[in-house]
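Engineer: Line by line, the protein sequences are chains L and D. For the record, in the first sequence the residue sitting at position 132 is 132 according to the working numbering, with numbers rising by one throughout. Quick note, the working numbering runs 1000 ahead of the 1-based positions in the second sequence.
Don't take each hint at face value.
Quick list of in silico lysine to aspartate or glutamate cross-link-like pairs, EDC-like style, CA-CA up to 20 Å [as the list claims (entries may be wrong)]:
#, chain 1, residue 1, chain 2, residue 2
1, L, Lys158, D, Glu1020
2, L, Lys158, D, Asp1027
3, D, Lys1036, L, Glu9
4, L, Lys158, D, Glu1033
5, D, Lys1036, L, Glu114
6, D, Lys1045, D, Glu1033
7, L, Lys6, D, Glu1054
8, L, Lys6, L, Glu117
9, D, Lys1023, L, Glu9
10, D, Lys1024, L, Asp143
11, D, Lys1045, L, Glu117
12, D, Lys1023, L, Glu122
13, D, Lys1045, D, Asp1016
14, L, Lys142, D, Asp1016
15, L, Lys142, D, Asp1027
16, D, Lys1045, L, Glu9
17, D, Lys1045, L, Asp37
18, L, Lys6, D, Glu1044
19, D, Lys1036, L, Asp3
20, L, Lys158, L, Glu114
21, D, Lys1045, L, Glu122
22, L, Lys6, L, Asp95
23, D, Lys1024, L, Glu145
24, L, Lys142, D, Asp1025
25, D, Lys1023, L, Glu156
26, L, Lys142, D, Glu1020
27, L, Lys6, L, Asp143
28, D, Lys1036, L, Glu156
29, D, Lys1045, L, Asp3
30, D, Lys1024, L, Glu156
31, D, Lys1023, D, Glu1033
32, L, Lys6, D, Glu1041
33, L, Lys6, L, Glu122
Rather than coming from a laboratory, the hints here were simulated on the basis of the structure. Being a predicted model, the structure only gives us computed values, none of them experimental.
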Amino acid sequence: MTDFGKLLETLTSASVEFIIIGGFAATAHGSAHVTVDLDVVYQRTPENVERLASALEPLAPYLRGAPPGLPFRFNAETITRGLNFTLTTTAGDLDLLGEATGGGTYEGLLPRSEIRELLGLECRFVNLATLIHLKRSAGRPKDFERIAELEAIQQEQKSSE
Amino acid sequence: MNRTDQDSLPDAFGRDPVVEAYKKDVDRTLIRENLKLTTSERIEKMIAALRFAEAVRHSRVKDSPR
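With these hints in hand, go ahead and build the complete structure from the sequences.
Structural biologist: Put into structure tokens, the structure is as follows:
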């Protein structure tokens, strides 16, 4: 099972710049669904990529679903050459996105994000309206139910204002 | 494009009829309860549900006939 606290502490303690999206962000906004991995959009500056690689190294990141024994090294060079990574780590599953469908990059999402206190940490989450936009942009049938719930949350929030 | 065609198309910036259909079945009582909680409490509740699901999954493996 993914240790969300460990993953977030690892990233925040290394001052990695990232924004939480996906199911974990949905939970933060009030969704009743459960999620099994952590999805984040990371900033792709050389400095942040270095921090990200160094922070995750102790967690032995590896490509999720790939056969064991591949010569995969999760370092700054690998991150720079790639973009989006679906990883398994000793703390659980982590999706690192340089660019999210419909949402663009870290810089694109930054103005549409908010900082929330979580498990003693301050973490940046995409805001609810943008999370809905991202889910809609992904266009996956499995997301229809999630989008419906997120829009219902939005309606509940508006009605209580 | 006539009005009927426009109404039947999912719109990323408007209402999607499929999503609207799902919305009828959303349990709003769960949402209202979650909205009373802090972000940490919501996450802790989700993690507790995950742990429970994990425990149930393991218990099924132990109970399966051989």
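Engineer: Work down the list of hints and note, for each, if the structure agrees.
Structural biologist: Now the hints, each set against the structure:
1. About 17 Å separates the Cα atoms of L/Lys158 and D/Glu1020, which keeps this hinted pair within 20 Å; it holds.
2. Taking the CA atoms of L/Lys158 and D/Asp1027, the gap is about 17 Å. The hint holds against a cut of 20 Å.
3. Annotation: proposed proximity of D/Lys1036 to L/Glu9 is violated, straight-line Cα distance about 25 Å (limit 20 Å).
4. The suggested pairing of L/Lys158 with D/Glu1033 holds, with an alpha-carbon distance near 15 Å, which does not exceed 20 Å.
5. Restraint check for D/Lys1036 and L/Glu114: satisfied, since their Cα atoms lie roughly 19 Å apart, inside the 20 Å limit.
6. Of the supplied pair hints, the one linking D/Lys1045 and D/Glu1033 holds, its CA atoms being roughly 11 Å apart against a limit of 20 Å.
7. Under the criterion of a C-alpha separation no larger than 20 Å, the hint pairing L/Lys6 with D/Glu1054 is consistent with the structure, at around 18 Å.
8. A C-alpha spacing of about 15 Å is found between L/Lys6 and L/Glu117, which places the hinted pair at or below 20 Å, so the restraint holds.
9. Restraint check: the Cα-Cα separation between D/Lys1023 and L/Glu9 comes to about 35 Å, which exceeds 20 Å; the hinted pair is violated.
10. Distance hint between D/Lys1024 and L/Asp143 is fulfilled; the C-alpha atoms sit about 15 Å from each other, no more than 20 Å.
11. For the hint pairing D/Lys1045 with L/Glu117, the CA-to-CA distance comes to about 15 Å; that is within 20 Å, so the pair holds.
12. Distance check on the hinted pair: D/Lys1023 and L/Glu122 sit about 32 Å apart at the alpha-carbon level, beyond 20 Å; violated.
13. Taking the CA atoms of D/Lys1045 and D/Asp1016, the gap is near 30 Å; set against the 20 Å cutoff, the hint is violated.
14. A distance of roughly 15 Å separates the Cα atoms of L/Lys142 and D/Asp1016; the hinted pair therefore holds under the 20 Å criterion.
15. A threshold of 20 Å between alpha carbons decides the hint, and for L/Lys142 with D/Asp1027 the separation of about 18 Å falls inside it, so the pair holds.
16. Of the supplied pair hints, the one linking D/Lys1045 and L/Glu9 holds, its CA atoms being roughly 19 Å apart against a limit of 20 Å.
17. For the suggested pair D/Lys1045 and L/Asp37, the alpha carbons sit about 15 Å apart, so the restraint of at most 20 Å is met.
18. Note on L/Lys6 and D/Glu1044: the hinted pairing holds, with a Cα-Cα distance of about 13 Å set against a maximum of 20 Å.
19. Proximity of D/Lys1036 to L/Asp3 is assessed by CA-CA distance (about 24 Å); at most 20 Å being required, the pair is judged violated.
20. Only pairs whose Cα atoms come within 20 Å are accepted, and L/Lys158 paired with L/Glu114 is accepted, the gap being roughly 18 Å.
21. Restraint check: the Cα-Cα separation between D/Lys1045 and L/Glu122 comes to about 19 Å, which is no more than 20 Å; the hinted pair holds.
22. For the given pair, L/Lys6 sits about 15 Å from L/Asp95 by alpha-carbon distance, which is consistent with the 20 Å threshold.
23. Only pairs whose Cα atoms come within 20 Å are accepted, and D/Lys1024 paired with L/Glu145 is accepted, the gap being roughly 10 Å.
24. Among the hinted pairs, L/Lys142 with D/Asp1025 is consistent with the structure: their alpha-carbon atoms are about 15 Å apart, no more than 20 Å.
25. Of the pairs offered as hints, the one joining D/Lys1023 and L/Glu156 holds, with about 12 Å between alpha carbons and a cut-off of 20 Å not exceeded.
26. As the CA atoms of L/Lys142 and D/Glu1020 are separated by approximately 15 Å, the hinted pair is consistent with the 20 Å bound.
27. The straight-line distance between the Cα atoms of L/Lys6 and L/Asp143 is roughly 27 Å, outside the 20 Å bound, and the hint therefore fails.
28. Restraint check: the Cα-Cα separation between D/Lys1036 and L/Glu156 comes to about 11 Å, which is no more than 20 Å; the hinted pair holds.
29. This hinted pair checks out: D/Lys1045 and L/Asp3 have alpha carbons roughly 14 Å apart, not beyond 20 Å.
30. Taking the CA atoms of D/Lys1024 and L/Glu156, the gap is near 14 Å; set against the 20 Å cutoff, the hint holds.
31. With a CA separation close to 17 Å, the supplied pair D/Lys1023 and D/Glu1033 stays within the 20 Å bound.
32. A hinted pair counts as satisfied when its Cα atoms are at most 20 Å apart, and L/Lys6 with D/Glu1041 qualifies at roughly 17 Å.
33. Note on L/Lys6 and L/Glu122: the hinted pairing holds, with a Cα-Cα distance of about 14 Å set against a maximum of 20 Å.
In terms of the numbered hints stated before, the structure departs from hints 3, 9, 12, 13, 19, 27, listed from lowest to highest.
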